[in-house]
Structure formats: structure tokens, C-alpha cells
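Chain by chain, the residues:
There are 2 protein chains.
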Amino acid sequence: MKNKIEILKLENFPLINEGDDIAEIILNSLKENNISLQNGDIILIAQSIISKSLGLIRNLSEIEVTENAKELHKKVTSKAKPMGLPERSPELIQMILNESKEIVKSEHVLITETYHGFICANAGIDKSNVEGKNMVSLLPSEPDIEAKKIQEKIEGELKRNIALIITDSFGRPFRNGAVGVAIGISGISAILDKRGCSDLFGNKLQSTIVAQIDNLASAAQLVMGEANEGIPVAIIRGYEYERRENSDIKDIIRTKDSDLFRNSNLKYFEEILKKRTSYKKQFSNKEINKEIIFDCLKLAILAPNAHNSQPWKFVIL
Amino acid sequence: MKNKIEILKLENFPLINEGDDIAEIILNSLKENNISLQNGDIILIAQSIISKSLGLIRNLSEIEVTENAKELHKKVTSKAKPMGLPERSPELIQMILNESKEIVKSEHVLITETYHGFICANAGIDKSNVEGKNMVSLLPSEPDIEAKKIQEKIEGELKRNIALIITDSFGRPFRNGAVGVAIGISGISAILDKRGCSDLFGNKLQSTIVAQIDNLASAAQLVMGEANEGIPVAIIRGYEYERRENSDIKDIIRTKDSDLFRNSNLKYFEEILKKRTSYKKQFSNKEINKEIIFDCLKLAILAPNAHNSQPWKFVIL
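Sequence order for the protein chains is A and B. The numbering used here numbers the first residue of the first sequence as 1 and each following residue consecutively. The numbering used here numbers the first residue of the second sequence as 1 and each following residue consecutively.
Keep in mind that the hints were calculated from the coordinates and are not lab data. Among these hints, one or two may not hold up.
In this list, chains with the same sequence are indistinguishable; a pair is considered to hold if it fits within one copy or across any two.
Stated by the list, open to error - With a straight-line cut-off of 27 Å between C-alpha atoms, the simulated DSSO-like cross-links for lysine-lysine are: (1) 275 - 204; (2) 74 - 274; (3) 204 - 81; (4) 204 - 79; (5) 275 - 298; (6) 105 - 4; (7) 286 - 101; (8) 256 - 274; (9) 275 - 75; (10) 274 - 101.
Same shape as in the complex, but just chain A:
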């Protein structure tokens, strides 16, 4: 066993309803699948069934839409339509706002920061694998606590030390497609800090930090799938990790200050102001597209001016 890692799947897992005891159902499913848990096994559970068991399913038809959400809906739709992307309803936009601490980007899609600190599309609200036309699932509000509850019940029952990870799939900047990520953990550290460890040649590693729970969540995604696979629970066996009693999903969240891709507009504004220079006697003979000139003028007339007198004249040579 030591020369490999296994990703086992729990087949024939039942559909989950509000109030169902996920730990109990996993225990039964392990028996039916003839899997005996071993010390060090990691159980990975798809967010969708945790949310269903907690009753975090909402009917979009029952959402009251604010003016703010209507405006945002118009903006997002106007950008999504020309790209052939599916339209989000004003109700879904409202729900996303309800579940978000901050809008990080609003273009053809809404990328927001959830109350947990996760940055993802649509605040993690999901329509897929939820029964009913207008029904969506929300992320659990305390995923670490949910993970811990299930871990403790299974450990107590089977007398094995295990770790537990609640997974979801998130899109990312720069690379197409979604990958598995962890959104709640118990019994395992979020990250594995290898700084100070030696490499093959005895050199000390200076900056190597491994997001082990996300690598594990991605591995589980290989069996869980995203469509009608019906595999919401996987077990990873043979991965060596240190047991951690008080693990915290927040350890994997970059703080806003240290994140290079959450710079505020203010920061850009400063950079632009500092880069401003005057150009004179440097005109080239290159012909400029009229569109570009008009775009520049449109921005130029936004300049401050006394009593909105707009005292400008432009001559295009």
C-alpha cells in the first residue's frame, strides 16, 4: 500500500434531504461498498450534500429583488449576452449579493467574496444537482464545524483517526475550467509549509508552501465528477499527513493585503498618476484611428471644470 495512493468512491449513495445525518449515511455506505476505514484515511464530501442536509436550498422565485440587484443584473446581462453565456436571473443576482461580503469583479459573471472569505463565481451558489427548476444550493455557513461533526461521529463509531474535507469546484483566474477545492476541513492542516526543508541536493527550500487540501480536493474531483455521476463522497487512502486537531480553512485564504490580484482601484490610480508625463515636440506622423481619438475625448471631457461650464475646444489635426 505504501507505494500508492488510492481514491475510493462510495457508489450507490442515496439522494440527500434536509435533516439527513450525513455521517450515518456514510457509515452505511461504507458497509455496502465493503470499505473498512483505516487510520489516516481522508473522507472528502461534496458541498452539495452537506448543503442539502442542512436545508440550504432556496427557491429563487421567493427572493425579493432590490434595485441594486436589478441594476447589476442589467450590467452583467449586457456583457454576458454578446459572449453567448447563459443569462442569470435578477433573483439569482440578489441571492449572490445576499451571500457575499464584497463584489470582487462584476463583468459577464459575478466574482464575489463570500462571508467565509472564499473568492468564487456566484458566491458558490449552485443550480446543478439541486432538484426543482428554481432551486439553488448555498454554501454552508460554517463548513469547518460541519466537517468536524461528521469526522467525530465517524471516528467515534469506527475507532479510527481520519481527516475530513468538504469540497467544491471553483473556477480560477488565468486558467480555464474548474478544479476541486476544499471549503471545510477537520483533522488536517490546510497548508503544508515546506520552507526550511531540504531538497534533493540539501538546499533549503525558501518559499515552498503546498496547498495540500486543494490537491486532495482536486484528486477527489476525479471520481466525483460534476454531472450525474452521483458520487458525492470519496476516500483518499495512503496520503501521508500530520493529524491536526484545530484545523482552520481560513489558513488557505490569502489575506486581502497580501493578494496581488485584489489590488484596489485606488492603487492603480496612484500608479497612473505617477506615470503621467507631458509630451512635447515628440509628435510622430502616424495616423491615429478616429475611434481612438473619440474615446480619448470622451474621457477628457470628464475633467473637472468650473460650474460645469465645459470650457474646452478640441482641434483634430
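Assemble chain B onto chain A, guided by the hints.
Positioned in the frame of chain A, the structure of chain B alone reads:
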């Protein structure tokens, strides 16, 4: 076998030198590890050994540093030092510039776009697991072609259909720690488009695209590690995928236009100009920190002015 995925590791893999035939060495290692490849197996290879075999190891002491790199070195160091981060040498900065198409962010670290289109820290240049104090490894320039060569040789030898993925580990926005990613592929599609497939309840999925090669690369990372594990090759068995003859790593790269987190400063500038308004008769009695006032003034005196006459006076009330 159908109810699980296995991640096998090739143990006692030899150190790789320039000119080594990676396919040949993997074939030998498979024998030594008593692993018979099966149809559909996926071989995952760490970038470091591909680069070593190609001689893509550089001595930083031999790099000539341009003024541009010296400036950038100063800037990055001034931000990295207060954060307690390790200092990068001017030579490394120069090497990063040489290997990059564009600097995406330069703060305490350089995030660049490589010539392949990958966005990552330090253009993927790596010091770890490279022998010698000033030696670094560069990314292979045509990773898909390297993957294909090795795949074809192994397939020809063993008469099995396999896929091949060259992996690296990249950091990401929003989440701490690095995860496994694919940088070169052969025999498997980069992404798995599930749009139009049905979910558990027969609803059509609208936007589900899975980055399957990155999930696979992350899974392989679980056995490869990042330090002195000495496991540069893993085999994933039992993952169902369609064979793809002309696979292309570019399929996983978001185009610049469609990437929400590569917005140019220009775009922010437009947004800021459009938001500008005048405030009058709206002064509150709130006391303002002197630092903030001075920061505002520092930016205000960057405004255009005739012949650098700087015709301003400020009165702080």
C-alpha cells in the same frame, strides 16, 4: 478496479542529467517497480526532470543584468524585505524577464506571463531540486511536444494507449499555497466540457467545464511532493477519459480578453474617471488624519501644469 483511482509512484527514480532519455528511464523504472502499464493509464512527469534532460539548467552567475532588471530588483526587494521574504538576485530577475512575454504584477514577487501563456511566479524558474548554488531550471519551451515524444516512445514499446502530462506547481490568487498544474499534455484533452450534460435530476448543465488535467496534476502532486521526496513520476490508473490525438495545453489558458483578473490599468482608469464627481457643501466635521491629507497632496501635485510652474497653494483647515 472500477470503483477506485490509483496514484502509483515510481520509486528509486535516478537523478536526471542533460541528454538523458526520459522515456527509456521511465520504461526501466516501471520494470523495477513491477508496474505493467495498462490501457488508459496516465503518466505524470515533473517539469524539473524534463528541463534537466533538455539541458535547461542555467547558471545565474553567468547572466548579464540590464538596467531594467536592476531597477525591478530594487523595487521587488524594497517590497519583499519588510515582509520577511527571501531576496531574489538581480540575475534571477533578469532571467525571469528573459523568459517572460509580459509582467503581470511586480510587487514583492514577480508574476509574469511566460512565452507559453502560463501566468505564474518567476516565469516558472525554479531553484529547488537543481544541483549547484546558482543553478536554476527553466520551463521547456514546447512542453506538448516533449510530452508527445515520451508518450509515443512508451506506447510504441509497451503497445498500450496512455496519456502523458508534464506537471509543475503554481501559486494562485486568493488561496495560499501551490497546487499541481499541467504544463504539457499528450493524448488527453485539457478540459472536459460538461455543458449540455444532465445532472442528477435531468437538468442541463449550463456552464460546467472541468479542468481535468489540473485535477490530475494536483492528484499526482500528492505523491510527488515538493522537497526531497525524489518522486518525479506518477501514474494515475482508473480515471476515465477520452483519448485525444491532438491535445493542446493552450486550451487551458484563458485568453487575456476573457480573463477578469488581467484587466489593464487603462480599464481601471476609465472607471475612475467616470466615477469622478464634484463635492460641494458636503463637508462633515470629521477630523482627517494628517497622513491622509499629505498623501492626497502628494498625488495632487502630480497634476499637469504649465512649464512646471506648479502654481498651487494648499490651505489645510
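### Query
Which holds for residue 105 with residue 4 at a C-alpha limit of 27 Å: within a copy, between copies, both or neither?
neither (41 Å within a copy, 39 Å between copies)
### Query
Given a CA cutoff of 27 Å, do residue 274 and residue 101 count as a within-copy pair, a between-copy pair, both, or neither?
between (31 Å within a copy, 24 Å between copies)
### Query
When no copy is specified for residue 74 and residue 274, does a C-alpha distance of 27 Å or less occur within a copy, between copies, both, or neither?
between (34 Å within a copy, 18 Å between copies)
### Query
Which holds for residue 275 with residue 75 at a C-alpha limit of 27 Å: within a copy, between copies, both or neither?
Between copies only: 15 Å across, 31 Å inside.
### Query
Between residue 286 and residue 101, at a C-alpha cutoff of 27 Å, which is it: within one copy, between copies, both, or neither?
between (48 Å within a copy, 26 Å between copies)
### Query
Between the shortest in-copy and the shortest cross-copy C-alpha distance, which are at most 27 Å for residue 204 and residue 81: within, between, both, or neither?
between (51 Å within a copy, 19 Å between copies)
### Query
How do residue 275 and residue 204 come out at 27 Å by Cα distance, when the copy is not named: within, between, both, or neither?
neither (39 Å within a copy, 49 Å between copies)
### Query
What label fits residue 204 with residue 79 when the C-alpha limit is 27 Å: within, between, both, or neither?
Only across copies: residue 204 and residue 79 sit 22 Å apart there, 48 Å inside one copy, limit 27 Å.
#### Entry: Copy assignment of residue 275 with residue 298, given that the CA separation must stay at most 27 Å
both (21 Å within a copy, 14 Å between copies)
### Query
Checking residue 256 and residue 274: alpha-carbon separation at most 27 Å within a copy, between copies, both or neither?
Both ways: residue 256 and residue 274 sit 24 Å apart in one copy and 25 Å across, limit 27 Å.
Consistency with the previously given hints fails for numbers 1 and 6, ordered from lowest to highest.
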